[in-house]
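4 protein chains.
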Amino acid sequence: MTRIRLGMVGGGKGAFIGAVHRYASRLDDRYELVAGALSSTPEKARESGLELGLAEDRIYDSFEAMAEAEASRDDGIEAVAIVTPNHMHAPAAKAFLSRGIHVICDKPLTATLEEARELTRVAEEAKALFVLTHNYTGYPLMRHARQMVKDGKLGTIRVVQVEYAQDWLTEDADPDNKQADWRTDPARSGAGGSTGDIGTHAYNLACFVTGLELESLAADLQSFVPGRRVDDNGHVLLRFKGGARGMLWCSQVAPGNENRLTLRVYGDKGGLSWGQENPNVMEFTPFGEPTRILTRNGASGATDGVRIPGGHPEGYLEGFANIYSAAADAIEAARRGARSDALFPTVQDGLAGVVFVDACVRSSAADAAWMTV
Amino acid sequence: MTRIRLGMVGGGKGAFIGAVHRYASRLDDRYELVAGALSSTPEKARESGLELGLAEDRIYDSFEAMAEAEASRDDGIEAVAIVTPNHMHAPAAKAFLSRGIHVICDKPLTATLEEARELTRVAEEAKALFVLTHNYTGYPLMRHARQMVKDGKLGTIRVVQVEYAQDWLTEDADPDNKQADWRTDPARSGAGGSTGDIGTHAYNLACFVTGLELESLAADLQSFVPGRRVDDNGHVLLRFKGGARGMLWCSQVAPGNENRLTLRVYGDKGGLSWGQENPNVMEFTPFGEPTRILTRNGASGATDGVRIPGGHPEGYLEGFANIYSAAADAIEAARRGARSDALFPTVQDGLAGVVFVDACVRSSAADAAWMTV
Amino acid sequence: MTRIRLGMVGGGKGAFIGAVHRYASRLDDRYELVAGALSSTPEKARESGLELGLAEDRIYDSFEAMAEAEASRDDGIEAVAIVTPNHMHAPAAKAFLSRGIHVICDKPLTATLEEARELTRVAEEAKALFVLTHNYTGYPLMRHARQMVKDGKLGTIRVVQVEYAQDWLTEDADPDNKQADWRTDPARSGAGGSTGDIGTHAYNLACFVTGLELESLAADLQSFVPGRRVDDNGHVLLRFKGGARGMLWCSQVAPGNENRLTLRVYGDKGGLSWGQENPNVMEFTPFGEPTRILTRNGASGATDGVRIPGGHPEGYLEGFANIYSAAADAIEAARRGARSDALFPTVQDGLAGVVFVDACVRSSAADAAWMTV
Amino acid sequence: MTRIRLGMVGGGKGAFIGAVHRYASRLDDRYELVAGALSSTPEKARESGLELGLAEDRIYDSFEAMAEAEASRDDGIEAVAIVTPNHMHAPAAKAFLSRGIHVICDKPLTATLEEARELTRVAEEAKALFVLTHNYTGYPLMRHARQMVKDGKLGTIRVVQVEYAQDWLTEDADPDNKQADWRTDPARSGAGGSTGDIGTHAYNLACFVTGLELESLAADLQSFVPGRRVDDNGHVLLRFKGGARGMLWCSQVAPGNENRLTLRVYGDKGGLSWGQENPNVMEFTPFGEPTRILTRNGASGATDGVRIPGGHPEGYLEGFANIYSAAADAIEAARRGARSDALFPTVQDGLAGVVFVDACVRSSAADAAWMTV
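Just so you know, the protein sequences line up as chains A, B, C and D, in that order.
Sequential numbering from 1 applies to the first sequence in full-length UniProt numbering.
Sequential numbering from 1 applies to the second sequence in full-length UniProt numbering.
Sequential numbering from 1 applies to the third sequence in full-length UniProt numbering.
Sequential numbering from 1 applies to the fourth sequence in full-length UniProt numbering.
Treat the hints as calculated values from the structure; they're not laboratory data.
On a predicted model such as this, the values are computed, not experimentally measured, just so you know.
Check each hint, because a few of them may be wrong.
Put simply, identical chains are the same to the list, so a pair is met inside one copy or across any two.
[What the hints assert, rightly or not] Heads up, simulated DMTMM-like pairs for lysine to aspartate or glutamate below, C-alpha to C-alpha not over 20 Å straight-line: (1) Lys94 with Asp349; (2) Lys13 with Asp181; (3) Lys127 with Asp61; (4) Lys269 with Asp174; (5) Lys153 with Glu289.
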């Protein structure tokens with residue numbers, strides 16, 4: 001199968017998530033990066049493109065230029081990865097979707113709910129695909145957990161405990177830290193800080209695994225670091241349709257936590273516990289029996305999305321690559337005019353994430369009043 | 001030093017916590033159990049007393065009879081352990097306090113807030129001591145954590161995450177399970193189920209370690225098991241005076257959790273994480289440095305309340321015994337007409353616990369409205 | 001049941017293991033310490049005895065005096081705990097055994113093989129009982145492991161990996177450290193250093209759990225600290241009767257290890273893994289299935305020797321107390337002229353330990369030649 | 001920089017390690033697979049090649065044909081990955097080296113010591129590079145550990161404990177399992193079974209981190225599964241030059257161990273502990289201080305070979321890719337006629353591994369006699 005011709009918007013030198021998308025696209029050898037609008041600074045865009053081996057004429061200064069030029073080439077890109085700060089997701093995505101170019105977009109979907117709704121409308125009307133990289137759903141054990149829930153191994157879900165804790169914003173960020181700069185700027189990141197950056201991942205993962213739909217939430221958000229304009233810590237009570245309840249904690253000011261996303265789910269027949277920092281194991285307790293340690297591609301049967309045998313750890317990039325490979329399945333099907341049932345986060349998941357952030361921010365402003373979502 | 005003469009109310013055959021109190025009183029050899037009103041069933045009281053080696057004339061059918069008889073003996077008990085269901089704590093405690101007999105009482109303080117206030121008044125006016133067995137404060141690493149917070153090792157506390165999860169009430173309890181029977185009966189346990197039984201421990205421990213005072217809370221409580229009359233799961237948002245925030249989760253329906261009390265505390269200079277099921281280690285991260293594994297009586301300097309060298313695990317009974325030994329310090333000081341500065345949970349801690357439960361129940365009834373405590 | 005009247009030889013102020021024996025004897029309330037020859041320094045013996053509440057006339061300057069005096073009292077001790085340095089075990093034990101007083105002796109049995117053989121002969125001919133405190137066999141999960149092996153859960157045992165690592169002798173010991181002083185003095189501890197002090201525990205535990213008998217060993221022992229007269233690190237290859245093989249590592253110079261005794265056992269049907277520093281959990285893998293986390297008194301069914309529910313950790317003292325309680329069962333049976341089937345380490349286990357140390361030392365001197373035991 | 005043109009010998013459909021090499025070569029985008037002799041069965045070679053997108057004329061039936069044809073093309077391969085069973089390593093490697101094509105070869109170097117010596121001679125005389133994929137040296141924390149040892153953080157090394165345990169050969173292998181088939185066939189794998197397949201990894205890693213050189217060893221090897229022709233479990237005593245000692249355990253019959261390579265190193269100033277199954281953390285204890293948890297790309301400063309921030313786990317493929325990228329550095333330098341100081345395992349490391357296996361087998365045959373290496 002010919003590799004999918006991929007472009008990238010954002011992800012120039014020094015960016016974190018752009019490099020991640022490139023690793024992820026490369027791992028299973030189904031994409032070839034051939035074009036980029038890697039930076040809004042022309043010189044940096046050019047340097048970054050050359051460094052990545054792009055042809056000079058396919059290094060662009062803007063996503064608009066790239067969308068137009070690539071759409072008119074016979075060998076133009078089939079898909080684009082959007083890895084800019086959040087406020088650029090919607091305009092960039094629309095530019096490509098409207099030209100029939102598939103979009104693989106980083107999360108959260110947009111910086112505002114208004115944009116999210118508009119983009120959702122556009123994406124659903126477009127012929128091109130829209131894939132959102134809620135990458136944690138790509139971990140094999142999270143897929144296995146989802147299947148276990150579907151298979152009734154946990155019984156009726158009662159309680160969901162999900163956390164995403166980091167510590168990198170414990171102090172006022174270094175002004176030279178570009179990540180910190182835009183992620184704490186509401187104009188670029190959106191009204192949610194930790195809620196938008198990591199809370200959305202936690203929320204998405206909890207729903208992915210449990211299959212539950214949120215009914216309402218009550219949020220108490222804080223900005224502990226003086227002068228910070230967005231939340232850096234959030235405590236959220238969750239009520240799901242059907243009666244399950246949950247708690248969600250997201251924090252960027254919790255020293256000792258690098259990237260500690262954890263999910264625990266409890267039903268009337270069993271419980272599950274998993275943590276992202278060691279993603280190759282998950283604990284499962286059938287009520288009344290000893291806890292089992294389920295391993296990725298081990299005796300547990302968790303084989304969906306694995307590449308190598310159990311005991312040979314796979315990590316963040318491999319999970320991320322599973323989203324890219326699911327997207328590749330769908331894109332290859334689209335080449336043939338077919339549809340695939342590949343599993344990846346959609347624009348609806350993205351909209352749900354922005355609705356979540358919006359509800360958190362409104363609830364917190366209303367003293368943690370319940371907000372229906 | 002002569003052993004302290006101890007009586008016991010409750011704790012007959014088959015009881016859990018009565019036996020724990022006896023182990024705890026014995027470990028450091030500072031008490032001698034000499035009298036008991038071990039059951040409200042006379043025959044069972046007698047059998048239990050004989051089994052424990054009590055003299056026949058010091059086995060009583062009721063705490064009232066015991067209080068009166070022991071108070072009039074020259075060799076009467078100096079202290080009494082109260083280990084009955086919650087609704088009996090107040091009447092029993094008052095009977096002994098009023099006769100100058102020190103009280104060591106299990107938690108929660110009482111079944112109702114009214115009783116708690118009344119007992120607090122009585123205890124504060126009494127000459128005898130009142131000790132509440134919030135035993136988890138007896139763990140050496142929790143004492144060390146408290147000292148670390150005091151010493152500023154964590155800086156200003158921002159976030160408290162405390163959980164107490166069990167699974168033993170995941171299903172409708174066996175009617176022959178006496179523990180389950182009274183602990184899910186609001187007349188005997190009080191209006192809080194999991195909140196009263198274990199949430200109070202979690203709340204107490206969080207305050208003990210951080211030194212914070214709660215300002216208000218918002219609680220969403222559930223009774224997942226059909227027919228259950230008290231909460232079996234609770235999600236609580238915490239706001240402490242001075243700006244720190246927290247989350248508290250208590251559950252008795254979380255399969256895979258035996259007695260998983262965990263505490264995590266984050267300040268602007270560092271974070272701490274500890275779990276009761278392996279209480280001999282605690283993680284401490286000074287912000288920006290690698291996490292340290294602090295061990296009980298190891299290189300960490302956590303020596304308060306230890307008996308044996310690091311690497312030789314101490315457990316639940318040893319932590320519980322530390323409360324008894326602190327009480328013994330205070331009782332021995334009282335013998336000499338002196339005061340000790342021994343550290344143990346007081347009637348005020350007990351009152352705070354009942355206030356907490358009451359606020360949780362009222363908040364939950366008001367759709368998780370904030371309640372000031 | 002009347003408490004067993006207990007004496008103690010050794011264990012004066014500042015001693016480690018004497019205090020442990022007292023805690024252990026007290027926990028289940030079946031012994032009362034009534035006499036002691038707690039130190040070979042009369043003044044210290046007296047001070048220590050008074051501190052422990054012994055009557056003045058039952059504080060002795062020597063074990064000989066104590067044996068004689070107690071044997072002639074109507075209320076004389078029924079059992080004695082011997083907690084001296086190793087070279088005193090044999091003479092003290094013989095003095096009491098010969099007078100019909102039961103002996104509970106710390107390990108290793110003796111400082112020399114000659115003494116061990118002689119003491120074994122005496123003990124086997126005596127009417128009194130001899131109990132050796134290989135306390136790690138008292139842990140409930142080690143008893144459960146033993147039962148699992150017996151029940152065939154692991155199939156035929158092939159491989160045993162046992163380790164006991166500490167770090168307290170990493171540097172030349174402080175001359176004021178009495179523990180270090182005698183434990184590194186071959187005249188008092190015996191020819192084995194780490195092998196005798198902790199290697200014997202590891203060896204005993206491995207045999208206890210697996211039921212295997214050692215056939216031969218090859219040992220490479222080291223004294224890493226300059227000037228040290230006994231081994232402080234030992235590497236031992238094990239060949240068991242029937243074909244199982246093993247490795248044993250003991251070390252007192254391994255920084256980061258406080259008291260890390262671990263045992264792993266592998267058969268053709270499954271494997272087990274346990275570590276003493278968190279003794280309340282054990283991993284069990286039936287071949288081809290996910291690993292189970294078995295907990296003490298949890299869903300695993302490991303109930304032998306437990307006092308409190310799963311999730312409420314028990315530790316070193318509780319395990320040690322199980323040896324004392326087994327001894328109490330046997331002593332109470334002896335009072336009635338009966339025999340008990342209580343499980344505790346015997347003089348034969350002690351002899352096996354000294355044989356093990358002797359073989360290690362001889363093997364190492366012969367360049368790790370195989371020694372049949 | 002133009003991608004390095006890569007060929008592959010072995011690694012057809014269904015092979016494990018061939019796929020791993022392809023992932024590893026692709027991750028950092030520095031290689032392009034353009035030719036292959038992927039199977040000794042022509043039809044399978046062809047199918048596998050087409051599946052991988054190779055041009056038809058660069059799919060070969062034999063490594064000889066490939067070496068000859070590629071060496072004569074202007075756009076011929078610059079490097080070849082050799083991922084066949086062990087007995088084919090030497091002939092294939094020599095064919096390419098002699099034509100100036102760089103070799104990246106899986107371990108162990110060869111099936112026999114004779115071949116290893118011959119290949120070493122050839123490789124050292126060749127102009128082309130020889131890289132051996134002892135991939136575990138590619139883990140960032142293993143590189144960090146090596147640097148810590150060099151920096152004296154552990155002081156003088158005394159004790160090395162290294163283990164590599166698996167369970168996949170616990171039972172007689174399924175005859176359809178190609179991996180098991182050749183790996184237990186001495187003609188193809190060499191005289192060592194577990195020692196050759198995984199013991200060499202353990203040995204290599206221990207030397208890589210500590211910088212120690214082995215002086216002699218004593219090995220007790222077993223073939224527990226009836227009919228097995230090579231060892232499936234090995235116990236090895238190690239004596240290093242300079243006085244350090246060690247133990248090495250390798251096993252393929254230890255149920256519950258998927259791919260459990262662990263390394264612990266103890267010096268007079270500190271200790272290190274690391275396990276491959278969760279390779280992103282390592283424990284470090286400076287003697288007398290609390291243990292530190294060092295994380296990959298976290299506060300520990302372990303940045304060599306990392307791609308993404310701490311807390312975002314990297315795994316087996318990323319470590320493996322670090323070997324490929326170091327090779328790429330060296331190959332790119334060679335293009336310019338320069339030399340690089342890139343760190344990767346060499347033919348000498350490979351020779352040392354085969355010497356190790358040979359010594360283990362001879363020692364075990366001589367009843368674990370010491371063999372100088």
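Taking the hints in turn, this is what the structure says about them:
When the C-alpha separation of Lys94 and Asp349 is checked against a cutoff of 20 Å, the pair qualifies only within one copy, where the shortest distance is 17 Å, while the shortest distance between copies is 55 Å. Proximity of Lys13 to Asp181 under the C-alpha cut-off of 20 Å is restricted to the intra-copy arrangement: shortest distance 16 Å within a copy versus 48 Å between copies. In this homomeric assembly, Lys127 and Asp61 never come within 20 Å of each other (Cα to Cα): the closest approach is 26 Å inside a single copy and 44 Å across copies. Within a single copy, Lys269 and Asp174 get their C-alpha atoms only as close as 48 Å, which misses the 20 Å cut-off; across copies the closest is 17 Å, which meets it.
Within a single copy, Lys153 and Glu289 get their C-alpha atoms as close as 13 Å, and across copies as close as 17 Å, so both meet the 20 Å cut-off.
Of the numbered hints listed earlier, the single one contradicted by the structure is hint 3.
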